[in-house]
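The listed protein sequences correspond, in order, to chains A and B. The working numbering applies: residue 62 is where the first sequence begins, and numbers increase by one. The working numbering applies: residue 62 is where the second sequence begins, and numbers increase by one.
No lab work stands behind these hints: they were computed from the structure. Heads up, some of the hints might be wrong.
The list makes no distinction among identical chains, and a pair is therefore deemed to hold if it is satisfied within one copy or across any two copies.
[Claimed, not checked] Listed below are the simulated DSS-like cross-link pairs for lysine-lysine, each with C-alpha atoms no more than 30 Å apart in a straight line:
id : residue 1 : residue 2
1  : K329      : K86
2  : K440      : K401
3  : K436      : K330
4  : K406      : K436
5  : K440      : K329
6  : K436      : K329
7  : K271      : K66
8  : K399      : K329
9  : K86       : K401
10 : K399      : K440
11 : K401      : K110
12 : K396      : K180
13 : K110      : K350
14 : K63       : K188
15 : K271      : K186
16 : K231      : K315
17 : K63       : K268
18 : K180      : K399
19 : K440      : K396
20 : K399      : K302
21 : K188      : K350
22 : K186      : K440
23 : K353      : K110
2 protein chains.
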Amino acid sequence: MKLIKHGGVTSPRGFKANGLSAGIKRSGKTDLSLIYCDQSVPTVGVFTKNSIKAAPLLVTQEHLRNHSAQAIVANSGNANCFTGDFGLIYARQTAELAGALLGAEASEVLVSSTGIIGKPLPFLKIKKALPALVKGASVSGGHRAALGIMTTDLVAKEVAVSIQLSSGDKVTIGACAKGSGMIEPNMATMLGFITTDAAVSASMLQKLLKRAVEYSFNRITVDGCMSTNDMVTLMANGLAKNTMITRPGKDYNKFYEALHYVCLDLAKKIVMDGEGATKFLEITVNGAKTEKEAKDIAMKVANSNLVKTAAYGSNPNWGRVAGAVGTLGLDITEKTLKIKFTSFKKKNIQIFIDLNRGRQSATVYTSDLSIDYVKINGKYS
Amino acid sequence: MKLIKHGGVTSPRGFKANGLSAGIKRSGKTDLSLIYCDQSVPTVGVFTKNSIKAAPLLVTQEHLRNHSAQAIVANSGNANCFTGDFGLIYARQTAELAGALLGAEASEVLVSSTGIIGKPLPFLKIKKALPALVKGASVSGGHRAALGIMTTDLVAKEVAVSIQLSSGDKVTIGACAKGSGMIEPNMATMLGFITTDAAVSASMLQKLLKRAVEYSFNRITVDGCMSTNDMVTLMANGLAKNTMITRPGKDYNKFYEALHYVCLDLAKKIVMDGEGATKFLEITVNGAKTEKEAKDIAMKVANSNLVKTAAYGSNPNWGRVAGAVGTLGLDITEKTLKIKFTSFKKKNIQIFIDLNRGRQSATVYTSDLSIDYVKINGKYS
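Whenever a hint applies, use it, and build me the whole structure from the sequences.
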């Protein structure tokens with residue numbers, strides 16, 4: 062597997078992208094993004110499990126029923142969530158307008174939004190900006206698209222890798238993501254757009270994405286808050302002309318490995334850029350009866366405000382880790398529970414928890430809880 | 062029901078108490094407390110559901126198997142949790158020494174600790190201080206006992222009320238509590254000691270306390286962190302000479318009402334004095350299918366760092382409330398969910414959530430998440 066320097070969603074062949082300022086963000090920063098290819102291609106998505114689902118998420122789920130898409134239009138600065146009938150109308154109209162400009166069916170255009178909940182989407186601004194967005198799209202526009210989905214993110218999050226399949230064909234996977242706040246699992250509560258030139262059947266894509274997300278975006282948490290808007294999509298245009306991956310096997314595994322790398326890389330970048338984050342915590346639970354148990358406990362520790370503030374303060378208060386582990390009420394005692402950790406003074410902290418009651422493990426990643434997190438979220442609106 | 066001014070654990074007849082500095086806290090503040098009466102009386106307790114249980118909690122559970130006790134010795138500054146065999150030995154020896162000084166069986170003395178986890182209990186300091194603790198106990202010592210259980214609490218938490226039973230007998234309930242951090246439900250994750258001169262059978266006491274705790278201490282959260290040490294006890298010495306309450310009925314209900322008032326008063330005081338708290342939030346969920354559903358959703362909102370920082374910043378970001386409500390994955394949509402709230406600029410904020418799917422309700426109380434919470438918990442050790 063080869064990491065592509067400065068790679069992103071336009072690293073795989075045949076994808077164009079763009080990002081510009083439509084004026085949704087008062088700051089004037091890039092807030093509207095487009096990623097597309099020349100025709101409809103197998104595309105799948107995974108979505109937030111929050112009951113309250115944003116309008117664009119509902120529309121995208123509808124448009125992905127046929128497991129096919131040609132383009133994604135995403136905006137930041139407004140979540141278009143809890144925005145009533147107009148929210149849905151605007152999401153649909155965005156897809157229609159972009160489709161018309163691209164020569165695609167509206168149902169082949171996915172829409173996505175991130176930002177504040179409950180404020181009307183400034184649709185006219187989007188409508189006005191769409192022609193320039195489409196016109197300016199190019200094979201070097203991946204970074205601009207990554208900029209257009211940022212909210213409180215401090216850095217754009219992109220990655221691309223290439224691998225060689227057993228046939229000798231080289232395939233590339235590229236992606237961008239945004240995170241920062243409202244990051245908790247139960248599906249990647251963030252936005253992530255992944256592209257690939259590999260030929261993979263839609264059913265395999267779905268299987269691959271679901272698993273890759275489970276072991277990456279679903280293993281991170283910044284503040285334990287699940288979002289209403291978040292989605293990860295994977296488009297596969299097949300331009301690598303490899304023998305299509307239609308079942309599990311050698312190429313499926315190779316592709317999975319690369320896809321998982323891409324997802325985990327972005328997930329870690331989201332944690333490192335978590336709102337106010339000053340530390341990166343890796344929490345591993347071993348000796349659990351089931352993987353779910355290991356993950357649940359690791360998440361409980363990762364979401365403990367007491368553990369997170371201890372990390373922030375470089376204060377190795379492992380009693381708080383023990384307290385968090387015990388919260389789930391499992392049959393664990395201080396005689397069987399083992400906790401080890403690396404120095405809390407470093408930027409990267411590893412915490413190892415051994416439950417000594419089984420053979421399953423899980424690792425999750427989180428950031429600390431800092432004064433800046435409180436400042437950012439006390440002011441944001 | 063009459064509220065007793067400056068009342069506390071020694072307001073009911075026959076209870077003496079004391080608090081002094083044994084030197085456990087480096088600050089030299091009061092850190093050792095005693096509450097007792099002249100003989101063993103019906104006593105019950107409820108305890109943390111954390112799997113990791115502190116040594117004094119295990120010893121107290123053992124000593125309460127007969128539903129009877131004469132005294133409580135509690136220290137702050139050290140949780141005596143995750144302290145191995147010595148932790149248990151010290152907890153038992155504390156009960157033995159206090160028992161010897163009071164002329165009570167060790168098994169009639171309850172022990173309780175709060176403070177940092179994982180550091181050896183400075184038992185010699187406690188041993189040395191016990192004679193003076195017992196000697197100085199008096200019917201006016203309730204406030205000193207309340208001081209001795211404080212950790213990061215800024216104010217002592219006490220309350221007492223008296224009621225008249227149907228027989229005309231006046232009975233009094235007094236209590237003190239500590240809270241501040243690691244406050245989440247699943248039993249009052251704090252310390253609370255309640256005394257009464259009412260005559261109530263142990264089985265009724267247990268029923269009364271369990272219910273009163275469920276609708277008070279179990280309805281508050283400061284940081285969603287469940288402690289390893291926390292307990293609420295209720296001692297009833299019967300000196301009011303009322304007809305003993307041995308079954309549900311009129312006097313049982315009157316007593317419950319007063320007991321619940323005492324517990325809720327302390328629970329609210331704990332929230333108001335939550336670490337770094339600048340706001341008091343009352344979150345009511347209506348229209349739920351079950352009371353548990355209402356409580357779970359209210360707690361999810363109460364524990365949302367995004368809602369709590371919004372409260373801190375006087376930022377009425379109700380989208381975050383909606384996002385938190387949706388987290389549980391219930392069948393709720395933006396069309397049915399109604400959210401109302403009072404001004405976020407005030408110190409007291411009320412949030413009303415109507416799920417419109419049933420007739421059950423629950424109210425929980427929490428504080429905001431402030432810069433000071435992070436400061437306090439980044440440094441504490």
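Verification of the hints:
no., hint, result
1, K329 x K86, "within (26 Å within a copy, 40 Å between copies)"
2, K440 x K401, "between (37 Å within a copy, 20 Å between copies)"
3, K436 x K330, "both (21 Å within a copy, 26 Å between copies)"
4, K406 x K436, "both (23 Å within a copy, 16 Å between copies)"
5, K440 x K329, "both (25 Å within a copy, 27 Å between copies)"
6, K436 x K329, "both (23 Å within a copy, 26 Å between copies)"
7, K271 x K66, "within (26 Å within a copy, 61 Å between copies)"
8, K399 x K329, "within (26 Å within a copy, 36 Å between copies)"
9, K86 x K401, "between (44 Å within a copy, 27 Å between copies)"
10, K399 x K440, "between (40 Å within a copy, 24 Å between copies)"
11, K401 x K110, "between (33 Å within a copy, 24 Å between copies)"
12, K396 x K180, "between (52 Å within a copy, 15 Å between copies)"
13, K110 x K350, "both (25 Å within a copy, 20 Å between copies)"
14, K63 x K188, "neither (39 Å within a copy, 66 Å between copies)"
15, K271 x K186, "neither (34 Å within a copy, 57 Å between copies)"
16, K231 x K315, "within (11 Å within a copy, 78 Å between copies)"
17, K63 x K268, "within (23 Å within a copy, 65 Å between copies)"
18, K180 x K399, "between (48 Å within a copy, 16 Å between copies)"
19, K440 x K396, "between (45 Å within a copy, 28 Å between copies)"
20, K399 x K302, "neither (51 Å within a copy, 52 Å between copies)"
21, K188 x K350, "neither (53 Å within a copy, 42 Å between copies)"
22, K186 x K440, "within (25 Å within a copy, 47 Å between copies)"
23, K353 x K110, "both (17 Å within a copy, 20 Å between copies)"
Of the hints listed earlier, those the structure fails to meet are numbers 14, 15, 20, 21, in rising order.
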